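Chemist: Chain by chain, the residues run as shown.
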Amino acid sequence: MSYLLRRLASSTVVLFGVTVLTFGLVHLTPGDPARTVLAERQGRQPSEADVREFRAEQGLNDPVPIQYGNWLGDVLRGDLGRSYYGDGDVLELLLAYLPNTIELAGASILIAVAIAIPAGVVSAVYRGTWIDYVSQGTSLIGVSMPNFWLGYLLIIGGALRLGVFPVYGAGTLAHLVLPAITLGTGMAAVLTRLVRSSLLETLEEPYVDAARARGLAERGVVTAHALRTALLPVVTMIGLQLGYVLGGAVVVEVVFQRPGLGTLLVDAVFARDFPVIQGVTLLVGATFVLVNLLTDLAYHRLDPRVSLGGGRA
Amino acid sequence: MSVTGVLANRRSALAAILEHPTIRALRRNPSAVAGGLVVATITVLAIVGPVLTPYDPNAQHLGNRLQGPSLAHPFGTDQLGRDVATRLLYGARITLGLAVLVTAVRLTIGVVVGLIAGYCGGWVDEALMRLVDVLLAFPGIVLALVVAGILGPSLTNLALALAVVGWTRYARVVRSSVLEMRERPFVQASRLTGAPRRRVLRRHVLPNVAGPVVVLATLDLGGVILAAAGLSFLGLGAQPPAPEWGTMLSTGRHHLREASWLVNAPGLAIVVAVLGTNLLGDGLRDALDPNDRTERSGREVSRRD
Amino acid sequence: MTGRHTRRAVLGGIGVGVATFAGCLGDSDPSGDGESVTVARPQSSQDGEWDVYGGVIPYFTGVFEPLVGTNHEMEPEPLLATDWMREDEYTWRFDLREDVTFHNEAALTADTVVDSFQAIIDDRSATGWINVEPDGVSAIDDTTVEFETIEPFPSLPGTISHNYFGVVHPDTEADDDVAIGTGPFQLEERNGDDVTLAPYEDHWDTVPSVERLSFEVVSDATTRVTALEGDDVQVAIDPPRNTVSGLDSSAETATASQRTPRTCFGGVNIYKEPTDDATLRQALAYAIDQEQLVETILEGVGDPARGPISPEIPWSSHDDLPAFGPDHDRARDLVADSSYDGETLTILIDGSEPDDRNVAERLQYQFEEIGVDSEIRSVESAAFYETFTDGDAHVSIVTLGSNSAAADYLIRAMFHSEGSDNEQRYESEGTGVMNLGAEVDALIEEGYFAESLEDKREAYGEVQRRVVEEAVALPLYYVEYVLAHREAVSLPDLHPINPMTDYAHLEYEG
Numbered sequence: 001m002s003y004l005l006r007r008l009a010s011s012t013v014v015l016f017g018v019t020v021l022t023f024g025l026v027h028l029t030p031g032d033p034a035r036t037v038l039a040e041r042q043g044r045q046p047s048e049a050d051v052r053e054f055r056a057e058q059g060l061n062d063p064v065p066i067q068y069g070n071w072l073g074d075v076l077r078g079d080l081g082r083s084y085y086g087d088g089d090v091l092e093l094l095l096a097y098l099p100n101t102i103e104l105a106g107a108s109i110l111i112a113v114a115i116a117i118p119a120g121v122v123s124a125v126y127r128g129t130w131i132d133y134v135s136q137g138t139s140l141i142g143v144s145m146p147n148f149w150l151g152y153l154l155i156i157g158g159a160l161r162l163g164v165f166p167v168y169g170a171g172t173l174a175h176l177v178l179p180a181i182t183l184g185t186g187m188a189a190v191l192t193r194l195v196r197s198s199l200l201e202t203l204e205e206p207y208v209d210a211a212r213a214r215g216l217a218e219r220g221v222v223t224a225h226a227l228r229t230a231l232l233p234v235v236t237m238i239g240l241q242l243g244y245v246l247g248g249a250v251v252v253e254v255v256f257q258r259p260g261l262g263t264l265l266v267d268a269v270f271a272r273d274f275p276v277i278q279g280v281t282l283l284v285g286a287t288f289v290l291v292n293l294l295t296d297l298a299y300h301r302l303d304p305r306v307s308l309g310g311g312r313a
Numbered sequence: 001m002s003v004t005g006v007l008a009n010r011r012s013a014l015a016a017i018l019e020h021p022t023i024r025a026l027r028r029n030p031s032a033v034a035g036g037l038v039v040a041t042i043t044v045l046a047i048v049g050p051v052l053t054p055y056d057p058n059a060q061h062l063g064n065r066l067q068g069p070s071l072a073h074p075f076g077t078d079q080l081g082r083d084v085a086t087r088l089l090y091g092a093r094i095t096l097g098l099a100v101l102v103t104a105v106r107l108t109i110g111v112v113v114g115l116i117a118g119y120c121g122g123w124v125d126e127a128l129m130r131l132v133d134v135l136l137a138f139p140g141i142v143l144a145l146v147v148a149g150i151l152g153p154s155l156t157n158l159a160l161a162l163a164v165v166g167w168t169r170y171a172r173v174v175r176s177s178v179l180e181m182r183e184r185p186f187v188q189a190s191r192l193t194g195a196p197r198r199r200v201l202r203r204h205v206l207p208n209v210a211g212p213v214v215v216l217a218t219l220d221l222g223g224v225i226l227a228a229a230g231l232s233f234l235g236l237g238a239q240p241p242a243p244e245w246g247t248m249l250s251t252g253r254h255h256l257r258e259a260s261w262l263v264n265a266p267g268l269a270i271v272v273a274v275l276g277t278n279l280l281g282d283g284l285r286d287a288l289d290p291n292d293r294t295e296r297s298g299r300e301v302s303r304r305d
Numbered sequence: 001m002t003g004r005h006t007r008r009a010v011l012g013g014i015g016v017g018v019a020t021f022a023g024c025l026g027d028s029d030p031s032g033d034g035e036s037v038t039v040a041r042p043q044s045s046q047d048g049e050w051d052v053y054g055g056v057i058p059y060f061t062g063v064f065e066p067l068v069g070t071n072h073e074m075e076p077e078p079l080l081a082t083d084w085m086r087e088d089e090y091t092w093r094f095d096l097r098e099d100v101t102f103h104n105e106a107a108l109t110a111d112t113v114v115d116s117f118q119a120i121i122d123d124r125s126a127t128g129w130i131n132v133e134p135d136g137v138s139a140i141d142d143t144t145v146e147f148e149t150i151e152p153f154p155s156l157p158g159t160i161s162h163n164y165f166g167v168v169h170p171d172t173e174a175d176d177d178v179a180i181g182t183g184p185f186q187l188e189e190r191n192g193d194d195v196t197l198a199p200y201e202d203h204w205d206t207v208p209s210v211e212r213l214s215f216e217v218v219s220d221a222t223t224r225v226t227a228l229e230g231d232d233v234q235v236a237i238d239p240p241r242n243t244v245s246g247l248d249s250s251a252e253t254a255t256a257s258q259r260t261p262r263t264c265f266g267g268v269n270i271y272k273e274p275t276d277d278a279t280l281r282q283a284l285a286y287a288i289d290q291e292q293l294v295e296t297i298l299e300g301v302g303d304p305a306r307g308p309i310s311p312e313i314p315w316s317s318h319d320d321l322p323a324f325g326p327d328h329d330r331a332r333d334l335v336a337d338s339s340y341d342g343e344t345l346t347i348l349i350d351g352s353e354p355d356d357r358n359v360a361e362r363l364q365y366q367f368e369e370i371g372v373d374s375e376i377r378s379v380e381s382a383a384f385y386e387t388f389t390d391g392d393a394h395v396s397i398v399t400l401g402s403n404s405a406a407a408d409y410l411i412r413a414m415f416h417s418e419g420s421d422n423e424q425r426y427e428s429e430g431t432g433v434m435n436l437g438a439e440v441d442a443l444i445e446e447g448y449f450a451e452s453l454e455d456k457r458e459a460y461g462e463v464q465r466r467v468v469e470e471a472v473a474l475p476l477y478y479v480e481y482v483l484a485h486r487e488a489v490s491l492p493d494l495h496p497i498n499p500m501t502d503y504a505h506l507e508y509e510g
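So the sequence lines, in the order shown, correspond to chains A, B and C.
The opening residue of the first sequence carries number 1 in the UniProt record's numbering; numbering runs sequentially from there.
The opening residue of the second sequence carries number 1 in the UniProt record's numbering; numbering runs sequentially from there.
The opening residue of the third sequence carries number 1 in the UniProt record's numbering; numbering runs sequentially from there.
To be clear, the hints were calculated from the coordinates, so they are not data collected in a lab.
Note that the structure is predicted; figures quoted are calculated from it, not measured.
Treat the hints with care, as some may be off.
Stated by the list, open to error - What the simulated footprint calls covered on chain C by chain B, stretch by stretch (three residues with Cβ under 8 Å from a Cβ of chain B suffice, anywhere in the stretch; the number is not a length):
| id | stretch |
| --- | --- |
| 1 | 289–300 |
| 2 | 335–341 |
| 3 | 379–386 |
What the hints assert, rightly or not - Not everything, but these chain A residues come out facing chain C in the computed CB check (under 10 Å):
| id | residue |
| --- | --- |
| 4 | Glu48 |
| 5 | Asp79 |
| 6 | Gly81 |
| 7 | Tyr244 |
| 8 | Gln257 |
| 9 | Phe270 |
| 10 | Arg272 |
| 11 | Asp296 |
| 12 | Ala298 |
Yeah, the Cβ is synthetic: ideal placement off N, Cα and C, and Gly gets one too.
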């Protein structure tokens with residue numbers, strides 16, 4: 001129980017830090033956001049009166065801690081502010097973009113798992129053979145591949161040459177294929193290595209040897225005993241990969257011009273649309289902290305070797 | 001001292017290095033050798049590049065624009081008729097320089113923070129580690145994107161953004177090493193004898209931390225190259241006409257249909273460079289720490305974070 | 001970077017699904033039955049297209065009509081107003097057309113026009129633009145509307161001949177996708193950025209011959225062409241330039257292009273060393289090869305420019321302006337004569353515009369050939385304008401033009417000391433960016449208040465001559481746009497302003 005409390009407390013602290021960081025980021029900006037935003041909005045240099053009005057409207061004249069307090073209060077009430085452009089409510093924007101990104105992340109994880117588990121298992125079982133080398137080599141290349149290039153290779157091959165898949169946009173299953181392959185294969189490369197090493201490790205555990213000694217066939221040993229244990233860290237890893245999927249989604253969404261949190265963030269960064277930047281980073285950061293917390297708690301539940309009282313260093 | 005003496009000295013020094021147990025382990029490790037060769041080749045190419053190519057990376061020949069790969073232009077020419085291969089060669093300097101610089105800054109910040117946290121303990125440790133947690137709550141590229149975007153596009157800002165968000169892993173590794181060291185009998189002994197902290201650090205802690213940090217840094221190089229290329233691709237990197245690989249790929253995509261080499265050549269260059277550093281990193285880790293199987297997970301390999 | 005996605009575009013892509021053009025997996029659009037026409041358009045980089053009318057529909061769709069139109073010569077022409085006159089220096093009166101009804105059959109009255117203008121002026125803070133306060137618009141009788149300007153404003157009719165000022169019926173409800181205008185098309189359906197229109201049978205002038213007209217956002221230019229080739233769409237706006245000749249030679253497709261009132265030029269900061277030296281600026285002008293820019297980087301889509309004002313604008317003096325170069329020997333001599341001493345010039349570009357980037361790299365190269373060093377500074381689109389007017393750069397690659405029949409603000413914005421490009425530094429430092437000083441200011445004011453086009457042409461012509469001769473603006477090219485279409489579509493005559501394309505006169509025999 002005390003572990004749970006401590007874990008919750010530290011997550012809260014981190015979450016608080018996430019809000020400070022999110023809020024603080026945009027105050028790094030050189031130049032006056034009011035001027036920049038108005039210039040972009042009106043397509044010409046804003047008048048001083050407009051700038052003053054905008055600053056007052058957006059509370060930009062208050063001292064920074066006050067601005068932070070106001071902002072946090074609003075956030076806690078579910079009000080993430082409004083985009084500087086148009087009339088978009090930031091929360092609404094996030095909720096509208098989120099499904100596309102979740103869809104992409106989910107599909108990519110599926111692809112990654114579908115590739116990584118068989119590849120990792122085969123690689124471990126045939127350790128040291130050419131099969132292992134091919135699998136390891138491929139995953140190393142996968143790890144080293146910039147996903148924007150992979151994306152364009154797929155566009156050239158799958159869309160421009162074959163004409164099979166739509167290149168840009170979102171909405172149908174067909175739109176999902178190329179981006180999900182791009183993001184999924186990169187992740188598969190990481191996971192394959194993990195599955196392999198994790199399985200190799202378990203295969204050397206005494207109880208697996210015991211199973212072998214009882215005369216179980218190697219295939220049985222692998223599937224019945226080793227794999228189950230070996231996949232535990234893999235599952236945790238998939239949870240932790242969420243952050244990396246989101247990071248990768250930024251670039252992949254831009255390559256495929258796919259509406260999602262990534263394109264939303266990139267556009268907001270280039271337009272200096274601070275409320276939207278804050279909204280996306282906050283959402284991403286908070287999600288990560290929560291997923292981390294849940295993964296940790298689940299891990300403590302599942303793995304009897306981790307003592308609940310002691311915590312970890 | 002005579003010239004031959006110096007040479008002999010050098011040679012024996014070189015032999016000593018080559019025979020050092022770590023280096024010997026490295027030499028027996030195929031992935032380290034392959035990675036080392038790739039990295040060395042790119043480095044050499046970056047340095048002697050100008051000698052290898054008859055072209056100026058910025059020389060425009062509009063009559064020759066968008067020419068496909070040929071003997072004269074192995075990777076074709078771009079939309080302004082510049083030789084792509086030459087630009088890649090010059091770009092290697094930017095890519096490698098940036099990767100080394102960013103990694104060095106990350107390493108420095110991380111080591112200092114890790115040492116302070118591990119050595120001071122208490123609330124200092126707590127505060128620094130929560131800061132690390134906060135930074136880790138964001139995918140690195142997201143945070144770097146926001147920081148670089150807010151500072152404005154330039155190589156310096158890109159390097160700054162990548163360095164500021166990426167030092168956390170070093171801090172964690174160093175901190176846990178320090179914690180571990182502190183419990184070792186010889187460290188406790190020297191502390192009991194009243195040796196100053198700094199000496200304990202230098203004598204016992206730093207040497208033990210160096211191995212894992214070097215491995216981490218080598219693996220990190222690839223990650224930095226990928227992240228830098230990714231952010232440049234998004235438009236936050238080098239200013240034109242600098243032949244930065246990610247930027248080249250990004251400009252090339254406007255000619256995807258008729259000149260796919262403009263995308264593929266820089267893409268290939270990035271893969272080779274990252275592959276080289278990853279191989280080297282893998283090999284280094286195995287050589288320095290052959291027992292550490294648990295860490296041999298994919299997580300350690302640099303990714304697009 | 002990709003073009004900026006409008007927020008609405010993205011919202012539209014969600015759940016609705018952009019039709020799957022290249023795909024055999026997605027369902028293909030059932031249009032092309034001879035009755036309906038789909039126009040594939042790029043996502044606009046200007047959110048502005050959606051900013052009016054409460055965001056119910058983009059302004060180029062022909063659903064709403066302004067009082068004054070813009071003819072192909074870029075002059076004001078009667079639309080919902082049949083006539084207008086200047087009562088006194090501050091007052092304009094517009095007579096409304098009498099047989100006009102809104103899509104809900106309500107008649108157009110002076111009161112609706114007043115309401116509509118007040119809402120737009122309020123909403124869009126348009127006072128600084130049209131010089132009219134919200135309460136400066138009033139109904140004199142049922143068919144006469146009066147505008148009271150805050151300063152003498154001779155170009156009011158041209159200024160309001162902009163799609164922004166379409167007359168909106170008060171029952172228009174953006175949240176429910178109800179758009180009630182007077183135009184030849186009425187809104188049938190809207191999905192995010194995609195809209196489908198149907199003819200308005202009781203239009204006062206033209207009833208479109210097509211049964212349906214849809215605008216779909218297809219952000220990628222190549223995909224727009226693929227869609228056109230597959231007959232998924234019948235018109236594609238701005239295909240990639242390198243596909244134009246192929247589309248023309250195909251039996252199924254054709255293209256039409258039109259020069260716009262927009263000009264891309266290098267705006268030189270004449271108050272920053274060393275470009276404060278006119279000799280150096282002229283050297284730069286002699287270094288540039290406009291024709292080559294257009295033929296190579298723009299692949300022939302565009303016209304080499306000689307001045308900052310496109311010939312589409314009635315008072316452009318393109319024909320009378322000197323062409324400088326390219327003459328690199330001359331340029332080198334001028335550099336030698338100038339005060340230039342090896343400084344590095346800064347060329348500012350908006351990083352989201354790939355053409356600007358290529359143009360800047362070309363300029364940098366040509367400057368180097370005449371012995372002038374420069375570096376390119378690419379900034380995010382949001383920071384571009386501020387950086388430009390802050391005077392941080394020596395040369396800024398700017399594209400400016402008019403979207404209405406009053407282009408006066410253009411020349412004022414660029415070259416008048418109190419114009420928006422110069423105002424900031426003029427007021428704070430007494431300098432500016434591209435303002436040559438009191439004489440040019442006076443000429444601009446003279447043109448601004450000129451009653452006849454001849455007088456305007458004379459005053460503004462002198463301004464253009466001076467800024468070109470003094471190399472304040474380095475003209476690069478006049479922007480052109482391209483519409484690709486199925487052979488079965490006959491396009492109306494293209495309007496210089498792309499959003500004013502008269503789709504009511506488009507015909508289709510599918």
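Chemist: Each of the hints needs a verdict: does it hold here or not?
Modeler: For each hint, the structure was consulted:
1. 289–300: holds (count 3)
2. 335–341: Result for this restraint: violated, n = 0.
3. 379–386: holds (count 3)
4. Glu48: holds (9 Å)
5. Asp79: Hint on A/Asp79: violated, closest Cβ of chain C at ~18 Å, above 10 Å.
6. Gly81: violated (14 Å)
7. Tyr244: Interface hint status for A/Tyr244: violated (23 Å vs cutoff 10 Å).
8. Gln257: holds (5 Å)
9. Phe270: holds (4 Å)
10. Arg272: Cβ of A/Arg272 sits 4 Å from chain C, so the hint holds.
11. Asp296: violated (33 Å)
12. Ala298: Hint on A/Ala298: violated, closest Cβ of chain C at ~31 Å, above 10 Å.
Hints 2, 5, 6, 7, 11 and 12, counting from the list given before, are not met by this structure.
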